[in-house]
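Fit chain G to the given chain W structure using the hints.
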Amino acid sequence: MHAKPKLSRMPCRRWWIAFALALLPLFAEADDVQPTPDTLTWTVPFGVGGGTDVWARFMSHWMAQSLPSHPAIVIDNVPGGGSITGTNLFYTRAQPNGEEMLVTSASTQFPAMLQDPRVRFDYDEWTPIIAAPTGGVVYVQPRFGKETGEILDNLREEPTKFAMQTPTGLEMPVMLAFDMLGLAVEPVFGMRSRGEGRLAFERGEAGVDFQTTSAYFSSVTPLVESGQAVPLFSLGVMNEEGVIVRDPAFPDLPTFSELYLAQPGASRDDVAYEVFHKFFASGYALQKLLLVPKQVDAKLLARYRAGAKALTTNADFLAAARRQVGPYEPVVGEVAARQLASAMELSDARRQWVVDWLKDRYGVRVVTR
Amino acid sequence: MIDALVASLGEVFRASHLVYMGLGVMIGLLVGIIPGLGGIAGMALLLPFLYGMEPGLALGMLMGMVAVIPTGDTFTSVLMGIPGSSASQATVMDGFPLAKKGQAARALASAFLSSLCGGVIGAIVLTGFILVARPLVLAFSSAELFVLTLLGLAMVAVLSGDSLFKGMAACGLGLLAGAIGTAPATGEFRLNLGVEYLFDGIPLIVVGLAIFALPEIVDLLIRRGSIAREQTSLGHGWRQGIRDVVDNRGLVAKCAGMGSLIGTIPGLAGSVVDWLTYAFASKTAKGEKHFGQGDIRGVIAPESANNACACGAMVPTLLFGVPGSGTAAIFLGGLLLLGLEPGVSMITTHLDLTYTIIWSLALANILGAALCLMLARPVSQLTRIPFVLLAPVITTLILFAAFQATRSLGDWYTLVAVGAIGLLFKQAGWSRPAFLIGFVLAPGAETYFYQSVQFHGMAAFLRPGVIIILGLIALAFSLPLIKRLFQRRQQPLAVGADVNRQTADTPVPTFGKIDLVLVVGMLALAAAAWYDVSGMSMIGGIFPMLAIAIMAIGALLAGAQAWKGQATWVSQPIGQPLTWLGGLLALVVVASLLGFISTAFLMTLGFIRFVAKARWSAALLIAIGIGVFLLGMQALLNLHYPMGWLDAMLF
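Protein sequences, first through last, are from chains W and G. 255 is the number that the numbering used here gives to position 255 of the first sequence; each next residue is one higher, with no gaps. 89 is the number that the numbering used here gives to position 89 of the second sequence; each next residue is one higher, with no gaps.
The following block holds chain W by itself, in its conformation from the complex (with noise of 0.2 Å):
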C-alpha cells in the first residue's frame, strides 16, 4: 500500500496558497469591481440526500435568486469520515477566487473543535455568508410520566438507553445534558441516523430520544398527539448576548438550560455549563454554514454576504425555510462570523475536559492530536 498521496501533496499546499495570494492584489489592481464569477461550485462533504445536502441544494436555489448575476450554483458531494474527508479537500484545493464555497454542518464543527486527528482544515482561514440555525427536542416514553419534574425524577431512578449514532456527534451535547441533569440515560452508538434513533425509541428500544425541530415536527409530533411519546425539554435557541432562551418554536416547553440552573448549586460558570454552551453554539446555533476562505476579494465577499442579507426580509424565502428548518432566522454576515469565531474557540483545558468525561463516564476514548 503506498502511503496516501495527500499528504504527500500537502507542502504544496502552502505553494498554491502563496501563489493565489500573490496573484489577488494583481486582479485587484486589474479590475476594481471583480465580477461575481458565473458559476459557483458548492463543496457539500456529505452524501446526496442528507440533511446538509437537502439544505445546501434548498439554499443554493434561493442564492442563486438574491445575487443580481443569478449565478449557477453547482453542488459537489464529497462525502467521507463523517464529512472531515470532503473538509479537508476544499481546505488544500479550493482557491479564494469566490467561485468555490464549503457548506458544513454541526459533524464538521464538532471534530474540528475537539482536534480529531483526521482534520487537516482550520476554520479561521475561512469565513461564512450565511447560517441556519436549528433547534432541537428530548422527548421520553409515556410511562416516564406527564409532568417535567415526575419525568426527571423516574429518568434519575430507572436507567434507560438513548441510541445515537457517534460518541462525538451532533447528539454530543445532549448526552451531556442527560449527565448534567443527572439522569440515568446510557447511550448505545452507532445509529446510521438520527431517523434510526428514532426508531429505536418507537420500538420502544430506546427511553428517551432526541430529534432537530423539522425532523420533531414531521415525525414525532404525531407520537405525541397520540400518546406515544411525551416532550421534555428542548436546547432552546441563543439570542443576540449569547444566551440560550426558549425555542420560538415551543414557547411552552423548558429549555435544558432552565432545567439545569434551576438544580441546587448550578451556575453558568460551571465548566460542563461552559462546555454544553460552546457545543450548542458550534452545533446548533450555527448549525448549517455557507463559508468561503477569507481571502476571498472583499467586495465580492460584500456582494454574497448582501444576497443573503436580502434572503433575511425575502418573505417568500422565510416562508420556505420555515418549512425546512423551522422558524429560525438565518444569521449573516459579520454577525455570523463574530459568533462563529467565540463558538468554534474552545481552550485546551476544556478540551480535555470533554475528552476525560467521555472517558470516565462512557469509555469512550476520543484521540485528538
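There may be inaccurate statements among the hints.
Stated by the list, open to error - Pulled a few chain G residues facing chain W out of the computed Cβ check, cut under 8 Å:
no., residue
1, P135
2, L138
3, F189
4, E196
5, G333
6, A370
7, T406
8, R407
As the list claims (entries may be wrong) - Cβ-to-Cβ under 10 Å is the rule here; a few derived chain G residues that face chain W:
no., residue
9, G334
10, A614
11, S617
Please keep in mind that the hints were generated in silico from the structure rather than gathered at the bench. From the three backbone atoms N, C-alpha and C, an ideal C-beta is built for every residue, glycine too.
Just chain G now, kept in the frame of chain W:
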C-alpha cells in the same frame, strides 16, 4: 384506499407525468449502465431541476430514475463481469459465465424480464403491504437484524464451492476487511496502518470491482480470444432467455416476494437480498445445476429480487423517513426538497401520493426493462469482439468506477491490493462470494450485535422474532441433511449399498502452490491484525478478533486437510496473472503522475496498437472515444479525476 389508488393511477398515466418519468428513466439507465455512478450521479443531474417543480411531476421523474438503476447495471455485470453496483453482484456469478458461453443475449433477456416482473410484483405486494407494514418494521429490532446478518453469513456455507474450510477462511478475511476503519461502538480507529484512506473503511464498490472484475480481465487476457468462447446464434439466445423466465415463473415470484419483504427492513436491504435469493435458488433448484458456471437461474433469482427490493425499500423511507438502501436515501433527499415529509401521513392524508410513487416505480420498471430488452441483442455483440480490443476500454471503465467511490488515489491502490486477493482466490478456487459476503455484512453484524446486547442484554436472543429466524436458519441447514438421511435409508433397499457413490459426489479437495501462499499469508495477517487490535477496548476489539479467529481456523483446517493427505496436489500457475496485475499497478502509478485522461488515452492507443496489433487508425479511434467519454462525463456530471501534470497542462 381504492379512491387513493384510482386517483394515483390517473396521475401516473397523465401525459406530462409520463414524459417526465420517461426522462427520469433515460437518465437512470444512462447512469446505471456506467459502472460506479448509480443513483448519486443521477441525482446530481436531476436535483437542480427538482426544487420548485410540481411534486407529482417531480416525483415521476425521480421514480423513473430510481427504479431503473438496478436494471441498467446488469449490462456490465453480464457482459464484462463488472458489478456496477452492490445490487448486481450476485448477477455476475452466473451472468458472466453465461456470456463466456456465448449466451450473453440469453442472460440479458432473462435478467431484464425478471427485473420487470420483480418490479411489478414488488409494486403489487407493496400496494397492500404498506398499509400494514408499520408494526412489522417496528418488530425488527437490532436483535432480529443481527440474526438476519447471521443468516446472510450462513449463505457462505452454500456458496463456498468445493471447500468449506477455504470458504470459512475467505469469509473471515472479508469480515476482517469489513472491520477496517472505526469501531462502531466506541469510535476507536482500528486496522488502518496509519493510512488516512483506511480510516473510513474500504468502499464496497472498489471491493466488488477488485474481487470480481479484475481477475476475469486477467483471465481473459491470458486466454486470448473473445469473451464468448462458444459461438451461438444471438437471436436464439434472446428468445431462450425469455422462455427461461417463463419456465421459472415460480422462482421469479418467490424471489420477488422475498425481495420486496426483505427490502422493507431498514438497514439490510440491497446488500444481502441478492445473495439470499441466489443461495435460495441454488439450494432449491431441481434438475441439473451449474451454479457458478452459468446457470440461468442464478441470473433470474437475484434480478427478480433486486428490483422488488427497491420497491420494498420505499416502506421504511416513506413511513419512517429511514432509507432502506442507498438509492432510497437519495430519493428521501428528493422528497424533503419537494417539501414532502415522510411519516405516518404518507398512508393517511397523502396515500394517493404514496400510490403515485409505488405505481410510478412499477411503470418505470416496465419501461426501463423494455428498453434494455431491446438493447440486449445488439449490445451482446460486444462479447464477440476479440478481448484484447476491449481490455483497455474495460480497464479504463474499472478505474473510472473505482475512483468515483471516494475520489481518492487510495481507491486505485486498494483496487490493486484487493484485486491481488481476488486473483489468487480465483486461481486457487477459493470462494470470492464468501469474501464479499463477509465484507458486506461485517459492519451490520458488529453494530447490531453490540446494539442488541446494549438494549436488551442476553434477553435479546430470546425474542420471538429472533427464535423464528434462527429456526429458519437451522431448517435451511438441516433440510439437505434430512433429505440425505432419507435417501440413504432408501438406497440400500433400492440399489444396494453403494459406498463409492457418496465419495464421488463430494469433490475431492485440492491443494497447490497458491493455496499454500494463501494459508501462510492469512496466518501471518492474523498475527499482525491481532497485534493491531490487542490494545483496543473490549467492545471495540472483540469483533475483529472474532474475524481473525474465523479466518485463522479456516486457513489452518484447509492446510491441515492438505497435510493429512486428503487433498490432491494440483499445479496452480501464477506467474502470468501476477504479471498482468503488476501491469495494472504500473498503470495506476503512471495515471496518478500524468493524470487519468491522458494515461487512459495513451494506454489504449499503445495497447491496441502493440498488444492487440490493430491498425493505428483503429487504435486512435478507440483511444479518442475513451478520451471523449471521460471528458464528457466530467463536464456533464461535474466529476473529478486524478490530475497529474499532463492533464493539468492539457485540460
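To see whether the hints hold, each was checked on the structure:
1. The beta carbon of P135 (chain G) comes no nearer than 10 Å to any beta carbon in chain W, farther than 8 Å, and the hint placing it at the interface is violated.
2. Using the Cβ-Cβ criterion of 8 Å, the hint placing L138 (chain G) at the interface with chain W is satisfied: the shortest such distance is roughly 5 Å.
3. This hint holds: F189 (chain G) has a C-beta 7 Å from the nearest C-beta of chain W, less than the 8 Å allowed.
4. Restraint check, E196 (chain G) versus chain W: the minimum CB separation of about 5 Å is within 8 Å; hint holds.
5. This hint holds: G333 (chain G) has a C-beta 3 Å from the nearest C-beta of chain W, less than the 8 Å allowed.
6. Interface restraint check for A370 (chain G): the shortest CB-CB distance to chain W comes to about 28 Å, outside 8 Å, so the restraint is violated.
7. Evaluation of the T406 (chain G) hint against chain W yields a held restraint, the C-beta minimum of about 5 Å falling below 8 Å.
8. A hinted interface residue such as R407 (chain G) counts as satisfied when its beta carbon comes closer than 8 Å to some beta carbon of chain W; here the least separation is about 7 Å, so the hint holds.
9. The restraint placing G334 (chain G) at the interface with chain W holds, with a minimum CB-CB distance near 7 Å, inside the 10 Å limit.
10. With a least beta-carbon distance of about 33 Å to chain W, the hint placing A614 (chain G) at the interface is violated under the 10 Å criterion.
11. Taken as an interface hint, S617 (chain G) does not check out: its beta carbon lies about 36 Å from the nearest beta carbon of chain W, beyond 10 Å.
Hints 1, 6, 10, 11, counting from the list given before, are not met by this structure.
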